[in-house]
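A.B. asks: Spelled out, the chains give:
Protein chains: 2
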Amino acid sequence: MAQEDGRQVKATGGASALNPHLHDDGLALFTDLYELTMLQAYFEEAMHETAVFTLFVRRLPKGRNFLLACGLDTLLGQLEYLQFSADDRAYLASLGSFSDRFLRWLEDFRFNGSVSAVPEGTPVFENEPLLEVVAPLPEAQWIETLVMNQIHLQTVLASKAVRVVQAARGRPVVDFGARRTHGIDAALKGARAFHIAGVASTSNVLAGRRYGIPVSGTMAHSYIQAHDNETAAFEAFAHLYPDTVLLVDTYDTLDGVDRVIAMARHQRAAFKVRAVRLDSGDLGALAQEARRRLDAANLQQVEIFVSGGLSEQAIAQLVAAGAPIDGFGVGTSMGVASDAPDLDIAYKLAEYAGEGRLKLSTGKPILPGRKQVFRQQHEGVFSGDVIGCLGEDLPGRPLLVPVMEQGRRLPGHVRDLDTMRNHAREQIAHLPSPIRNIDPADPPYPVRVSPRLRQYQETVTEQVRLRHHAVEPPKV
Amino acid sequence: MAQEDGRQVKATGGASALNPHLHDDGLALFTDLYELTMLQAYFEEAMHETAVFTLFVRRLPKGRNFLLACGLDTLLGQLEYLQFSADDRAYLASLGSFSDRFLRWLEDFRFNGSVSAVPEGTPVFENEPLLEVVAPLPEAQWIETLVMNQIHLQTVLASKAVRVVQAARGRPVVDFGARRTHGIDAALKGARAFHIAGVASTSNVLAGRRYGIPVSGTMAHSYIQAHDNETAAFEAFAHLYPDTVLLVDTYDTLDGVDRVIAMARHQRAAFKVRAVRLDSGDLGALAQEARRRLDAANLQQVEIFVSGGLSEQAIAQLVAAGAPIDGFGVGTSMGVASDAPDLDIAYKLAEYAGEGRLKLSTGKPILPGRKQVFRQQHEGVFSGDVIGCLGEDLPGRPLLVPVMEQGRRLPGHVRDLDTMRNHAREQIAHLPSPIRNIDPADPPYPVRVSPRLRQYQETVTEQVRLRHHAVEPPKV
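For the record, the sequence lines run as chains B and X. Residues 20 to 495 (my numbering) make up the first sequence, in order. Residues 20 to 495 (my numbering) make up the second sequence, in order.
These aren't lab readings, by the way, just hints derived from the structure by calculation. Check the hints yourself; a few may be wrong.
When chains are identical, the list treats them as one kind, so a pair holds in a single copy or across two.
[Claimed, not checked] Derived DMTMM-like pairs: lysine to aspartate or glutamate, alpha-carbon spacing no greater than 20 Å straight-line:
id, residue 1, residue 2
1, K81, D358
2, K291, D314
3, K378, D301
4, K291, E254
Could you put the whole structure together from the sequences, leaning on the hints where they help?
C.D. replies: Next comes the structure, spelled out in C-alpha cells:
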C-alpha cells in the first residue's frame with residue numbers, strides 16, 4: 020500500500036519551486052503585546068546585552084513516553100524573514116503606547132541571533148532544551164510567541180504520529196487529518212510533522228505541494244451517493260483510475276466487497292483495483308470477512324485499507340488481533356493529538372549579560388545558563404540522558420547542535436524532509452522498547468541533571484536571592 | 020479591568036485597511052486529494068447537477084452542553100477568492116493523474132454556489148445543520164476540506180471560550196493562548212472566535228490588527244529576571260507605562276506585592292499602577308492575602324489579575340470561593356480546547372439532482388434534503404429545537420439564513436465582530452441555565468426531528484435501497 024491508490028506521487032518541481040516560508044510572511048506582529056511593550060522598555064533602558072533563552076517541555080503529558088522534536092526548520096525559515104513592515108508599524112502607532120523613536124528603531128529590527136537545537140526527528144524528554152536562542156535581549160524576547168507556537172505545534176503532532184506509526188507495525192499510515200486539524204497552518208505543518216514521524220503520505224494536496232510530501236487519496240461516500248447505485252460508482256471511478264481504492268461501506272460493507280468481486284469477474288484482466296477501503300463498523304471482523312471473500316475469488320492482490328476514527332490504541336488492537344489490514348487512514352485523533360493536544364512548553368530566560376538567570380515561582384524551575392544534553396547508549400540502546408552545562412565534558416552524544424548564526428541558517432543544517440524522516444526512524448529504533456511502546460513506561464526514560472549544572476543552579480539561585488533582597492520592601 | 024493595562028486599544032485604521040481573507044489566498048489546493056480525483060470523475064461523467072451538502076456535528080463532545088457556531092464569515096471570504104493558480108495546476112499536472120482537458124477546465128473553476136447558515140455566535144446542538152451548501156456537485160465537493168477545517172476550528176474554540184467566559188461571571192477574560200494554539204491560523208482565528216464568545220481582549224498583536232480585536236498585555240518573567248532585582252524592574256516598567264500591570268510572582272508573590280506597595284508609598288500621586296498579576300501558586304489564597312495587603316495600604320484601586328494554567332473549572336472554583344480577582348488571563352486550555360479539541364463534524368451529501376441522498380453506514384445517519392432548524396422559546400427561555408425540512412411551517416424561529424448567493428456574500432450578511440459578539444451574548448442568555456452552566460446538563464437540551472423530515476428520511480432510505488439493489492452483486 021505504499022502507493023495506495025496510484026495517486027500517490029512524490030512532488031518535485033512544484034514543491035521545490037516554492038519557498039514554504041514565504042507563506043508565513045508578515046509574522047513580525049505574531050507576538051504577544053507584552054513582548055513589544057517589553058521591547059520598548061529594553062530600548063529605553065538600553066538593555067541590549069546578550070540573552071540566552073531555552074525552550075523546553077517541563078513535563079511529558081500523560082500518555083507520552085517521549086516527544087519527537089519537530090518544527091525547527093519551519094521556525095528558522097521564519098526567523099530569517101521576520102521584519103516589521105510599514106503597515107505593521109502603522110498599526111503599532113495606532114495603539115498609542117509606542118514612541119516614534121521606538122517605531123523608527125523597529126524599521127531595521129531583525130533577528131540576528133544564534134540558535135542551537137536538537138535536530139528534527141530526535142526523541143526528547145522533560146526539561147531537555149529543544150533549542151537555545153543566543154541574541155541581544157530584545158531580539159530573543161520578540162520571537163518568544165512564534166518560537167513556542169511553531170515548535171509546540173509540530174512537536175505535539177509528531178509525538179502523536181510516531182505512536183500511530185509504531186502501532187501500525189510497518190503497515191503504511193496515511194494522514195487524513197486536514198478536515199479537523201486546528202486550522203490551515205496546523206494541517207499543512209502537521210502533514211510535515213507526520214511525515215517526519217513516519218507517516219507514509221498525506222491526503223492534503225497543498226501540504227504535498229508545499230513540502231514535497233507524497234499525496235494519496237481514495238474516494239468519498241458522496242461520490243457513491245451521487246450515483247444511482249454503488250456498482251455504477253465503482254465502475255465509473257475504476258474506469259478513470261484503474262488502480263484505485265474503492266470505498267465499500269456506504270450502504271453495506273460486505274455487499275460492497277461482493278460488488279468489487281463481481282466487477283473483477285466481469286472485467287477479468289482489465290481489473291486493476293488496488294484495494295478496498297472500510298470506514299465504519301467492526302473493522303477487524305469486516306476486514307477478516309472481506310479478506311476471506313476476496314481470497315475465495317482469487318483476488319489476493321486486492322488490499323484492505325481501513326479508516327474511521329482510528330487511534331493508536333485501536334490500530335494496535337487490530338494488529339494484535341491479526342486483522343488482515345494493509346494500511347490505515349488516520350484523521351482526527353492524530354490531527355489534533357486528541358489525548359494530549361498541548362505540551363507544558365516554556366521559553367525561559369536562562370542567562371543575561373553573562374549571568375545565569377532563573378525565577379523562583381512555585382513549581383516552575385529553570386536550569387540557568389547555556390546547556391547541552393548528553394545521550395548515553397549501551398549495546399545499541401539509549402540508556403539515559405544527562406542535561407549538563409554547555410562545554411561540559413560528559414559521556415554520551417551531545418544532542419544540541421548549532422543551526423543558525425547571525426540570523427541565517429548554517430550550511431550544514433538539515434532541511435531535507437527525507438533526511439529528517441530517516442533520522443527519526445533510526446533514533447526511535449534505539450529507544451528502549453518500553454519507551455517506544457504506546458503503553459505508559461514504568462520506569463520512565465532516565466534523565467538526570469549533571470552535578471555541575473545542579474551546582475550552577477544553586478549558585479545562581481543564591482545570587483538571585485541576594486540581588487533581589489539587596490532591595491527589601493518595607494514591611495506592610 | 021476592561022482596559023487592564025492601558026495597552027488595550029480598539030484597532031481601527033490598521034485593521035480596516037486590511038482584508039483578512041487575502042491572507043488565506045492560495046487555498047484552492049487546501050483540499051484532500053480525493054476531492055480533486057472525484058472532481059475529475061464528475062467532469063468526465065458530466066455530473067454537474069445541483070448538490071446539497073449539510074455541515075453538522077453528529078454528537079456533542081463530553082463536557083459540552085451546546086456549541087457556539089463560529090467561523091462562517093472567515094469561510095465565506097475564502098470561498099469568494101478561491102481559484103486554481105497556474106502554479107496550482109502545474110503541481111496537479113506533476114501528479115500524473117489529471118488530464119490536460121480537466122486542468123484547463125479548472126482554470127475558470129470557482130465556487131459560484133449558495134450557502135445558508137446559522138449566524139456566528141448562535142448556540143447549536145447535535146445534528147443541527149451549521150450550514151448548507153447548494154451548488155453544482157463539483158463545486159460543493161471541492162470545498163469540503165476547507166469548509167470542515169475552518170468551521171470546526173472556530174466552533175471548537177468558541178464553544179470552549181464561552182464556558183470560560185461563563186465561569187468568570189462578568190470578570191474580563193483575556194486570551195493568552197497564542198503560544199500553544201495549534202499554529203498561526205488557529206491563534207489568529209482563535210482570537211476572533213474567543214472575542215465573539217465574549218473574551219474581552221487578546222494578547223495576540225497580529226490578531227488584533229487583522230480582526231480589530233482589542234489587544235492587551237502585561238509583562239513577562241524574563242523582564243523581571245533580566246533586571247538586577249524585581250523593584251528595579253517594576254520601577255522601570257511603570258515609569259514607561261504608568262498604568263501597567265506588574266507581574267509579582269517571579270521570586271515570591273507576596274513579597275512582590277509588598278514591593279508594589281512600597282513603590283506606591285514612595286511615588287505617592289505619581290503611582291498609577293492598575294493591577295498586579297499572579298501567575299503561580301495557590302491563586303485563591305494568594306489573591307486574598309494580596310487584596311488584604313493592598314487594601315491595608317489604601318490601594319483599593321489596584322486590581323488583581325490572575326493567570327497560569329487556568330481552565331473554566333479552576334475559574335469557577337476561584338469565583339465560588341469569593342477570591343478577590345478582577346480578571347483572568349487564559350491560555351492553553353482555551354487555546355487548544357484541551358478537554359474537547361475536536362468535534363464529530365461532518366459535511367455530507369444530502370441531495371443530488373433534486374433527489375434526497377444518504378448513506379447507510381453504521382452509526383452515521385444523514386438527514387436528506389434541504390433543512391431548517393426551528394428554535395422554540397417559552398417565557399424568554401429556549402425550550403427546544405426541531406430540525407425540519409426547508410419550507411416546513413413549524414413553530415419557532417428559523418436559524419438558517421441565506422448568507423451567500425452565486426459565490427458572493429449577501430449584503431445583509433453580518434460581518435461585524437461586535438454584532439456577532441452581541442448576538443452571542445444575547446442568545447446564550449436565552450439558554451436554559453443548566454445548558455449554559457459548565458457542568459454537564461441532564462437532561463440535555465431537547466432537539467427533535469420533525470415528523471415530515473423523519474418521513475422523508477425513511478422514504479429516501481427506501482429509494483436508496485431499491486436503487487442500490489436494482490443492481491445486485493452475484494453471490495460469491
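A.B. asks: Any hints from earlier that this structure breaks? Give me their numbers in increasing order, please.
C.D. replies: As far as the earlier hints go, not one is violated by this structure.
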